[in-house]
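With these hints in hand, go ahead and build the complete structure from the sequences.
Protein chains in written order, with my numbering: chain A, 1 to 272; chain B, 1001 to 1272.
No wet-lab data here; the hints were simulated from the structure. Owing to the predicted nature of the structure, the values given are computational and were not obtained by experimental measurement. There may be inaccurate statements among the hints.
As the list claims (entries may be wrong) - Cross-link-like lysine-lysine pairs, in silico, DSSO-like; alpha carbons within 30 Å at most:
hint, chain 1, residue 1, chain 2, residue 2
1, B, Lys1251, B, Lys1238
2, B, Lys1118, A, Lys251
3, A, Lys118, A, Lys149
4, A, Lys5, A, Lys238
5, A, Lys251, B, Lys1149
6, A, Lys251, A, Lys238
7, B, Lys1005, B, Lys1221
8, B, Lys1251, A, Lys118
9, A, Lys5, A, Lys26
10, A, Lys251, B, Lys1251
11, B, Lys1251, A, Lys149
12, B, Lys1221, B, Lys1118
13, B, Lys1149, B, Lys1221
Protein chains: 2
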Amino acid sequence: MSQHKISPDSPIGIFDSGIGGLTVVKAVQACLPAERIIYFGDTARVPYGPKSQVTIRRYAREDTEILLKHQPKMIIVACNTVSALALDVVEQTAGDIPVIGVLKAGAELAARRTRSGKIGVIGTQATILSNAYACAINEENREFEVVSKACPLFVPLAEEGFIDHPATRLVAEEYLSGIAGSEIDTLVLGCTHYPILRRVIEQITGPGISIIDSAEAVAGKARELLSAQGMLNPGTGKALPHLMVSDLPQKFRELYRLFMGTELPDVELVGI
Amino acid sequence: MSQHKISPDSPIGIFDSGIGGLTVVKAVQACLPAERIIYFGDTARVPYGPKSQVTIRRYAREDTEILLKHQPKMIIVACNTVSALALDVVEQTAGDIPVIGVLKAGAELAARRTRSGKIGVIGTQATILSNAYACAINEENREFEVVSKACPLFVPLAEEGFIDHPATRLVAEEYLSGIAGSEIDTLVLGCTHYPILRRVIEQITGPGISIIDSAEAVAGKARELLSAQGMLNPGTGKALPHLMVSDLPQKFRELYRLFMGTELPDVELVGI
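Below, the structure written as structure tokens:
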């Protein structure tokens, strides 16, 4: 796995269980406009969140192998579930290609941002049950207190486009009222879909709580790392991302527009 | 595929994309208590609804092959998506084993039940876009008018246990107000999860609209067919279903209780 010829012109590989990782693509494009991006979304097997750890680890290896065929200079794990339960599998599979995950990036940024030392984390069932955000935050500072809450309906609500719907507000109140009342000053959006619902989340948490978008956090970390390694792309071009998916769902075009705010470019269908 | 030794004592095979088909297991148990049931839920690849037809057809063949290893005397397709888009694949794979699907059974019962000839159908995006319920109903009577509506949030709401939640009511109002006001007298629950939300659905549709549960419909059809073929199990025992899944999700025990109202028996994990 270490036979890759990598250079500053090599692409950044990003994968996710589905289309949610497009929020990471968008954040990387904003932060590193000259970089080429290759994205794999495992749309045939989405969602990973409710699945078992054994299955998630197998999928993580297969997803990494798909990206490695394109000789990336870095792999970003946009999937919080994989970051929580299988980052080591991605690292082993990637060999000497650096791997960064949304989870650790979000945890680090939250630890830098908090003043009270009390941090909230929301995510899928699997991410929250894994306790991985709490562990990663406590690696930064073991005094910090983490309050977590799984919000399983946020992904389907975002994908249904119920962005401003009163039902979404009721669900968000149900999920967030406890955590918002627990004196946290920082809330990590521990799922790539959640930035889509950021406004309704902020309405409930209020101005006193700083929102950490893990997609933005991981994009910032990618820039730091590439810069330190002298691997930033020197070009000035702005290429469309190379998109690969394992299935082309009927709503894909609509979802791409929802996540990226632009029209869908060409998409490559890959077998898994 | 036609080498099976089948007898009245052979099991009824039932499969679904996930755990939703347990509503069919429950209906078959109620209707045919002496029958042995073997169930496969493709929990590693659920949901099928948003996936492409090519992928759904491949999954349907693989799911059928898993059941065939247990020499069933009949296969019930509990998955509306597969019934809509890939029933022919199941029939081809099953050879001379009879195959019945929830979709046709629900359509037939709705066609018998309606008086006004105006029938509503709700289901997943894929089921509704396929137009398969409308086609099946019009095969019964081409004068009947069908009004359809996709309700993608009902599955996650049911699985989250938001049975009586005000958010579920708001979502149901959003989805059903148009269809309930369109003079239908019959509404088909075209997704195996929807019986879980039957009460909130009935509150919106009101007493003038007769609800057709496709799970009950397919169980009734299975009894008719087995009886006509002299293949009813003569036993009086009441066995637990033999459950097979392709993944063991963390919430499986809880979901089983939600769907079946009883504790989870042993489960076999099968590779796909």
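Here is what the structure says about each hint:
{"no.": "1", "hint": "B:Lys1251 / B:Lys1238", "verdict": "26 Å, holds"}
{"no.": "2", "hint": "B:Lys1118 / A:Lys251", "verdict": "29 Å, holds"}
{"no.": "3", "hint": "A:Lys118 / A:Lys149", "verdict": "14 Å, holds"}
{"no.": "4", "hint": "A:Lys5 / A:Lys238", "verdict": "23 Å, holds"}
{"no.": "5", "hint": "A:Lys251 / B:Lys1149", "verdict": "16 Å, holds"}
{"no.": "6", "hint": "A:Lys251 / A:Lys238", "verdict": "26 Å, holds"}
{"no.": "7", "hint": "B:Lys1005 / B:Lys1221", "verdict": "23 Å, holds"}
{"no.": "8", "hint": "B:Lys1251 / A:Lys118", "verdict": "28 Å, holds"}
{"no.": "9", "hint": "A:Lys5 / A:Lys26", "verdict": "26 Å, holds"}
{"no.": "10", "hint": "A:Lys251 / B:Lys1251", "verdict": "27 Å, holds"}
{"no.": "11", "hint": "B:Lys1251 / A:Lys149", "verdict": "15 Å, holds"}
{"no.": "12", "hint": "B:Lys1221 / B:Lys1118", "verdict": "23 Å, holds"}
{"no.": "13", "hint": "B:Lys1149 / B:Lys1221", "verdict": "25 Å, holds"}
Going through the hint list in order, the structure satisfies each hint without exception.
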